[in-house]
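Model the full structure from these sequences, guided by the hints.
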Amino acid sequence: MDRASERKLIRRAARGDRQAAGQCIKAFQGQLYAYILRLSGSPDMAEDIVQEAFIRVLTNLDKYDERYRFSTWLFTIARRLYLNAAQKRKPLYQSEMIGTQQSFASDSPDEPIIASETQQCARSSLDRALAQLPDNQREIVVLFHQFDWPIALIAQHLQIPQGTVKSHLHRGRKRLRDALEIDQRASHQVHAMLESPTRDDEGEATP
Amino acid sequence: MTYNSHNPHNNPHAEHPGASANAMEARIDQMLDGQLNHQQMRAAYDEIRACPDARNELASLRLTVAQLRSPVEHPDLTESILYRVNARQRFLPRRAQRFVWLSRLAVAAGLVVAVGLTALTQRTHPELLAPSSSVRSTGQHAVANPVTNVVQSAAEAAPSPGKLARTITSTLVSPVARLSLDRKLEPEANFHFNITDNDLMDDQGHTYRSATLPTSIERDIAYAYPLPSSLFSLPRLNLHTLPLRASGEHSADGQRSPVVTDKTLLPSTNPFISRFDSLLVVLRQPPVLPSEQPDQVEDDDR
Numbered sequence: 001m002d003r004a005s006e007r008k009l010i011r012r013a014a015r016g017d018r019q020a021a022g023q024c025i026k027a028f029q030g031q032l033y034a035y036i037l038r039l040s041g042s043p044d045m046a047e048d049i050v051q052e053a054f055i056r057v058l059t060n061l062d063k064y065d066e067r068y069r070f071s072t073w074l075f076t077i078a079r080r081l082y083l084n085a086a087q088k089r090k091p092l093y094q095s096e097m098i099g100t101q102q103s104f105a106s107d108s109p110d111e112p113i114i115a116s117e118t119q120q121c122a123r124s125s126l127d128r129a130l131a132q133l134p135d136n137q138r139e140i141v142v143l144f145h146q147f148d149w150p151i152a153l154i155a156q157h158l159q160i161p162q163g164t165v166k167s168h169l170h171r172g173r174k175r176l177r178d179a180l181e182i183d184q185r186a187s188h189q190v191h192a193m194l195e196s197p198t199r200d201d202e203g204e205a206t207p
Numbered sequence: 001m002t003y004n005s006h007n008p009h010n011n012p013h014a015e016h017p018g019a020s021a022n023a024m025e026a027r028i029d030q031m032l033d034g035q036l037n038h039q040q041m042r043a044a045y046d047e048i049r050a051c052p053d054a055r056n057e058l059a060s061l062r063l064t065v066a067q068l069r070s071p072v073e074h075p076d077l078t079e080s081i082l083y084r085v086n087a088r089q090r091f092l093p094r095r096a097q098r099f100v101w102l103s104r105l106a107v108a109a110g111l112v113v114a115v116g117l118t119a120l121t122q123r124t125h126p127e128l129l130a131p132s133s134s135v136r137s138t139g140q141h142a143v144a145n146p147v148t149n150v151v152q153s154a155a156e157a158a159p160s161p162g163k164l165a166r167t168i169t170s171t172l173v174s175p176v177a178r179l180s181l182d183r184k185l186e187p188e189a190n191f192h193f194n195i196t197d198n199d200l201m202d203d204q205g206h207t208y209r210s211a212t213l214p215t216s217i218e219r220d221i222a223y224a225y226p227l228p229s230s231l232f233s234l235p236r237l238n239l240h241t242l243p244l245r246a247s248g249e250h251s252a253d254g255q256r257s258p259v260v261t262d263k264t265l266l267p268s269t270n271p272f273i274s275r276f277d278s279l280l281v282v283l284r285q286p287p288v289l290p291s292e293q294p295d296q297v298e299d300d301d302r
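Chains A and B, in that order, are what the protein sequence lines are. The numbering of the first sequence is the numbering used here, which starts it at 1 and goes up by one. The numbering of the second sequence is the numbering used here, which starts it at 1 and goes up by one.
Do not rely on the hints blindly, as some may be mistaken.
SDA-like mimics (lysine to any residue), calculated; alpha carbons at most 25 Å apart, straight line [to be verified]:
#, chain 1, residue 1, chain 2, residue 2
1, A, Lys174, B, Pro52
2, A, Lys26, B, Tyr83
3, A, Lys63, B, Leu102
4, A, Lys166, B, Tyr83
5, A, Lys174, B, Arg55
Example chain A residues on the side facing chain B (calculated, C-beta under 10 Å, incomplete) [what the hints assert, rightly or not]:
#, residue
6, Arg38
7, Leu130
8, Val141
9, Leu194
Quick caveat, the hints were computed from the structure, so don't treat them as lab data. Remember, it's a predicted structure, so these values are computed and weren't measured experimentally. Ideal placement from N, C-alpha and C gives every residue a C-beta, glycine not left out.
Set out below in structure tokens:
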């Protein structure tokens with residue numbers, strides 16, 4: 001959506017046009033949901049925050065400054081809501097997540113239960129890799145590479161210098177790549193472990 | 001990470017692997033950050049192509065970045081959000097929005113104009129807001145006009161009836177049904193007005209309380225103070241057109257003496273500035289009326 005049509009849409013919504021408000025939600029909810037999901041790792045939290053952010057934005061459209069992109073304003077409000085919510089309940093992204101995952105190979109008697117629960121909570125390898133990044137690196141990498149925000153805008157959004165944004169971006173990108181590689185190696189190992197007993201069984205069964 | 005070129009002749013940084021690695025990393029970051037123009041991008045490509053490690057590094061990072069761009073499935077929250085927004089701030093059609101805005105503006109403008117006109121009229125043509133000259137005379141003490149004369153003459157004539165007014169019972173001659181009382185006045189009834197208790201009673205024993213008209217007695221004048229909430233309704237009632245004549249008696253030191261009260265409802269000079277004295281009750285000592293005295297004597301004799 002270009003800026004002119006975005007402005008028209010927002011003005012209509014500000015005048016109480018329900019249809020315009022609906023179009024506005026449809027246009028931005030995907031991005032916002034992905035953003036909060038990447039930050040929090042929790043679909044439930046992402047859904048709650050997306051709804052609350054839109055409600056706040058749509059009931060305060062008269063305060064919207066048209067000099068800025070609507071999405072920037074929306075993301076800023078959603079980010080504040082997320083930070084508040086994250087303080088109240090711990091996000092799913094924990095640095096211990098990978099440790100938990102790597103401990104599957106242990107001989108713990110709880111291993112099958114843990115494995116089962118973890119499989120239920122399994123997310124994509126990308127989500128797991130993102131979980132390894134510190135919050136600020138994860139957010140910058142996501143904003144830059146997923147939403148194509150320029151570095152200057154990210155710096156403004158997070159209120160940090162552009163140089164800091166760059167260094168976080170470079171480190172976060174490499175760290176994400178490394179985490180993905182580790183994750184892939186780990187999943188290969190798990191597959192190999194799952195397949196190996198079957199071969200043994202077949203070997204034992206063969207006279 | 002160090003970058004080892006397979007062909008050291010093509011690698012300009014082969015003699016300084018550390019510096020080369022840093023420069024190559026920076027170049028890759030610049031490429032991925034999109035900070036290079038077309039020419040710089042081509043030069044960086046040529047440089048990286050010559051180094052397999054750098055090539056792998058760039059490829060793996062690009063793969064990582066590409067994964068981030070994979071679409072995220074999301075629920076459609078449109079209706080849920082609209083429902084909740086509507087609960088807080090009702091959506092209106094555009095015409096209705098405009099109408100609401102215009103009507104609010106019109107009401108505000110009307111109020112400002114009304115207040116301004118009232119204040120202006122009070123200053124320039126106070127007679128327009130003064131009581132009507134067609135005030136009914138209800139007895140021997142006709143209500144004079146202008147009403148300030150009544151107040152002045154009452155003040156001069158009355159010794160201090162306000163001090164003795166505790167037990168005055170007055171019979172109201174004129175109807176006062178338009179006063180905001182807590183019950184409808186009985187038609188054709190005689191009414192008694194107890195000033196100190198601020199109760200209006202009819203001769204059938206009904207009591208009418210006027211919460212909006214607290215009174216006080218200062219010297220010889222009993223004031224009734226409409227509360228601010230009734231300021232806007234009282235002027236519309238044209239209270240000043242309701243001259244009331246009352247008669248009764250008051251007692252002091254065990255002596256009972258007849259009192260005739262002329263009660264006239266005076267309009268306030270300015271309901272926004274004055275002390276809410278839009279209803280003014282004037283108490284007067286009754287003159288001795290020779291024509292009434294013999295009749296009473298005759299009645300007593302019978």
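To see whether the hints hold, each was checked on the structure:
1. A:Lys174 x B:Pro52: 18 Å, holds
2. A:Lys26 x B:Tyr83: 14 Å, holds
3. A:Lys63 x B:Leu102: Distance ~21 Å between Lys63 of chain A and Leu102 of chain B Cα, so the pair holds.
4. A:Lys166 x B:Tyr83: 41 Å, violated
5. A:Lys174 x B:Arg55: 14 Å, holds
6. Arg38: 8 Å, holds
7. Leu130: 8 Å, holds
8. Val141: 7 Å, holds
9. Leu194: 24 Å, violated
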